[in-house]
Amino acid sequence: RQTEGVTILLVVIILALVYRGPFLVAIPLTSIGLSLIVATSLVALLARDPEHPSGSGLGVFTTTRIFIVVLLFGAGTDFCLFFLARCRELLQRTRTPTREHFYRTIARAWASVHNAIVASAMTTIVGLTMMWMSRFEKFRFSGPIIAISLAVTLVVCLTFTPALLSAIGRLAFWPALRNGTASE
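Under this note's numbering, the first residue of the sequence shown is numbered 49, with each subsequent residue one higher.
For the record, the hints were derived by calculation from the structure and aren't laboratory data.
Among these hints, one or two may not hold up.
Just the calculated beta-carbon pair ranges, DEER-fashion [claimed, not checked]:
| id | residue 1 | residue 2 | range |
| --- | --- | --- | --- |
| 1 | T142 | F187 | 46 to 52 Å |
| 2 | M178 | A155 | 31 to 37 Å |
| 3 | R49 | E185 | 19 to 25 Å |
| 4 | I216 | S89 | 36 to 42 Å |
| 5 | V60 | F109 | 24 to 30 Å |
Even glycine gets a Cβ: it sits at the ideal position worked out from N, Cα and C.
Sequences and hints are given; from them, build the entire structure.
Here's what the structure looks like:
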């Protein structure tokens, strides 16, 4: 629990220092929180029954949740930072963005970063999945479980995060958004 708490606290501090805006901190935290809930629920569905340890399913160890939390908060923060920074960069080019322009900017930002985010995530997902070949059970099961969790985070960051930013609108960049433009 301490590791999870420290991880979350450090992510909040880093986001606050980088963004200096409450909504830009809340967007990644909400996305990562959602992905953590979905991923751990999915892992629970795929887990092997403790009553029948020789049965089918993935073996889940006490340290697995710590690995999931640390990796999802780290990778999820990176995915969101990359997308939100691109949104800010594109918004800075416009004097007074309309609502429609704001939505187009989100779409342009998503289009310009999603390939890099997917490639980054897939590299890690494939590497973690390869741990399935390990003989040591903790690695054999934890690798694929973390890979599944990272895949969930990837999907959330590519779908929910832009939708959440669209719902919040330009307010997301407050207080950095001045006179209709996002400033540093």
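Against the structure, the hints come out as follows:
1. T142 - F187: 46 to 52 Å: Holds, since T142 and F187 (Cβ atoms, about 49 Å apart) stay within the stated range.
2. M178 - A155: 31 to 37 Å: Cβ of M178 to Cβ of A155: about 35 Å, so the range 31 to 37 Å holds.
3. R49 - E185: 19 to 25 Å: Distance hint for R49, E185 holds at roughly 24 Å.
4. I216 - S89: 36 to 42 Å: 26 Å, violated
5. V60 - F109: 24 to 30 Å: Distance hint for V60, F109 holds at roughly 27 Å.
This entry does not satisfy hint 4, going by the numbered hints stated previously; all others are met.
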